[in-house]
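Protein chains in written order, with our numbering: chain A, 1 to 735; chain F, 1001 to 1216.
Note that these hints are calculated values from the structure, not bench results. Cβ coordinates follow ideal geometry from the N, Cα and C atoms, glycine included. Treat the hints with care, since some could be wrong.
Claimed, not checked - Listed next, the stretches of chain F that the computed footprint assigns to chain A, with coverage defined by at least 3 CB atoms under 8 Å from CB atoms of chain A: (1) 1052-1059; (2) 1115-1124; (3) 1129-1142; (4) 1145-1151; (5) 1169-1176; (6) 1179-1189.
Claimed, not checked - Chain A regions said to be covered by chain F (calculated; three or more residues, Cβ under 8 Å): (7) 57-63; (8) 116-127; (9) 621-632.
What the hints assert, rightly or not - In silico DSSO-like pairs for lysine-lysine, Cα to Cα no more than 27 Å straight-line: (10) A/Lys420 - A/Lys299; (11) A/Lys130 - A/Lys176; (12) A/Lys665 - F/Lys1185; (13) A/Lys665 - F/Lys1114; (14) A/Lys130 - F/Lys1185; (15) F/Lys1185 - A/Lys426; (16) A/Lys566 - A/Lys548.
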Amino acid sequence: MSRRVTLNLGFQGNTRDVTIDIPNDEPTPWQWGERLAVFGQPTPRVDGPLKATGAAHYTYDIELPGMLYGAILRSPWPHARVRNIDLSGAQNLAGVRAVLALDDREIRFAGQEVAAVAAITSDIAADALKLIKVDYETQPFVVEMDDAAKDSAPRVFGGGSNVGRTSSSSIGEVAKGLEVAASTIEATYTTAVQTHVCLETHGAVASFNAAGDQLTVWCSTQGVFSVRDDLAVYFTLPPDNVRVICEYLGGGFGSKFGATPEIMAAARLARAAGVPVKVMLPRGDESRSTGNRPNSEQKVRLGVDRDGRLTAIDLVQRGSGGIGGGAGSAGPFKSVYRCANVRTQETNIYTNAGPSAPMRAPGWPQGCFALELAMDEMARKAGIDRLEFRRRNSDNPVRAAEYEIGARAFGWAEKNEAAKSGGPIKRGVGVASAEWHAVGVSGPEAQAIAHRDGSVEVRVGTQDIGTGTRTVLAIVAAEELGLPVNRVKSEIGDTRFLFSVPSGGSLSAPSNSPAVRQAAAHLRDKLFRIAAPILGAEPTDLEAADEKIRVRTNPSRAISFNDVCKRIPGDSISAQGERVPNYGGFRTDQAGCQFAEVEVDTETGIVRVTHVDAVHDAGRIVDPLTARSQVNGGILMGIGFALFENRRMDPALGIMVNPTMDDYKLLGALDVPQIDVTFFEVANGITNTGVMGLGEVAHVASTAAVACAVYDALGVPVRSLPMTPDRVLAALGHV
Amino acid sequence: MNRDDRTPKSPRKPHAISRRSFIKGAGAVAAAAGLVRVRSAEADEKTLPPGVVEKLGPAAATIELNINRKPVTLEIEPRVTLLRALREHLGLTGTKLVCDRGACGACTVHLDGKPVTSCMVLAIDARGHEVTTIEGLGTPTNMHPVQAAFVEADAQQCGFCTPGMVMSVAAALERNPSATVEEIKHATAGNTCRCGTYPHVFTAALKAAGRATENA
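Using the sequences and the hints, build the whole thing.
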């Protein structure tokens, strides 16, 4: 059933032979230096024309006959008990078709769902919310982490403390590591709560059949199957009776998994009204209620010996994800740099604020910011060059190579040595290291179909969060079938297709592409069996290339792909592919590094990022064009986190102060620096495509690199994010 | 006309800002972002005798708009924005609703060739103007040069900001067919892209600018 293959894996100047066992029907993983036809070529995304012309249909754009518009009433109070809800005012408003009180009577943040209505227009639905009378019994609340951690604080969850259990990890002995150090530093770093700000808000269109036993939901989700399963449980329907569709998704960043409250509300209203209902959240509700990246306070201690090697890394961290957890940020401290004595302690503090949700590399941008700025403070104190300090404490050969590529491209040596201007504008440079492990998982299955007219489709129940999933899958299938990419149509975003995993954790490309490659290989083998008698050859002697099926040893003996398809006995033939578990391969981690240059106006405190140079590895890059888009995005989101983004709560009212997009400051076009990206190719042999995810690793180091550059510019660190002018001036002692 | 007369009396949620009060105060914001704000139905008011003020609403009124070079008749409440009229009454869903207060540019359309955020324009105020939406600019099989450049340069990720971004760039290139990257940055300063796809937007705009010069 399986066969043993030896693969040459690794990267330029560092390859080795690795022997693995693979299933017989699995395509052999590509090796280092293997030449491919379309895989790896810059390819415009296949659904680009639909998006650029407004023809791509997002959940927000779904309009069904007779559809109602739903809206959700939310608590204005951060902590309360709902004594009574009077829905009659809303029920009596002309144009209203359904009104529901939602289940949870315990309110723990301002913005929590209380009731929902469906009406014939979105304006009438909004009017109806104002007619619902809710009798709240308000309770004491706390929205600031420091206040919530006090013994005297109002309790977010009744009896217990707001301070969660501390999660600890320890290798070696930190106390001893600090004791033997030639030099140590200790500092506290803080990061703000960041919100996802998906441009398409959360929401769904739900529709039941007349019998009420078939539910179809269009929703803006990162996981159609996870939504299906949640809905099937709630409505006690067999999963097959629930169909979830997401053709296009206007951003998720980790906040769109499962049947979230607005999806549930749409489905419940649809059932109550007996017609389809659309619920798409207004921007303010999106900001308050659908997730955030928790804040952090990170007390860091580092020690180094006389050779500049780390002797101790110690992190004591706490963070608040409101009524949610997951505020830890210890990841980078445990693995980016090598050290014999590492201790981390992470504690969630609960507050009366909207729940956290996973957000692009959860915990890592904030952890990397604290670790890397501490590394720079340590290097300065110990008198070591910052890049050399990192080289000396990293044992990852991929990262070592990437440091050299990045330093050369960025001009690190000259820029790092450049004298500071005597004027008010100071330039500075910084470098930070990334890490991720986006190898993907087994589980997805793919179907590949060839039709008599020569057209080809691949179908997978995944979804495109914006990374170009359709394009990636089309490229992989086209490579295997010897076709140009535009001859393959990718169909995704529907639970009617074969199962796939959620698009999060950088899973999509590495989890789906191997299933598609296997499906395409199986389809190709079926086409070989049709072509073989025509070519007078054995199926195993054939290959697919240049839109032909031909004899490998004599390529002039060939038949066009279209002519083979014409001999398909029925309308089409199809084949399935399975994502098999990961092989050991070369390495399962990703390194990566980013260099940043900033200008800081020491009179106004304004920081401007002028240049970022990124070097990243993600196995074998499927499409350098869309891959570059992802890296640009990771960097820019990181600059926004470094300089602008900050969810503010009013401690007196317990509400979010800046839920709108004019009050919550995001990076814009005028803040965009020059960005250069280099992809460092690694043949990892972990799957048959060797593709790794890129969305998160490209975001991990960006904020840190900017913070390190600001430290270099000023000579003093700004240890709190965002690095707003007031904080910059305070760090300089000007205010 | 006193706009508040048209607003249905209803209890307000604490801290809520109504669209009406916001639109009143938004002129400065729109102007600062380089956008043109529509004055209230000037074209129609000019045709009324002196001292006579048009009275509409709160019930639905019949209005005529010119969308993508075609006249359309709509039965809508006067409070309906141009954005919602396009999306919910005319099925033109390429124009996106994102911030609903003129801060993000996702709903950008052209009004008499100039970019405006359609969430900040009442549909009734678009009477007498030529409205062009993303659908009117080009189609998947017959793309406008800016749309084609966006595809070629991969100036889109999730794609939700893309229609608005395309409309802003297209208007900028109408103003100056050989716009510089600085001009493009200013032209898209009011368009938010959360995926951070700006560098490729700039590339696309410059590609389109080159093409526009060649065609000229």
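Sort out which numbered hints this structure fails and list those numbers smallest first.
1, 2, 5, 10, 11, 14
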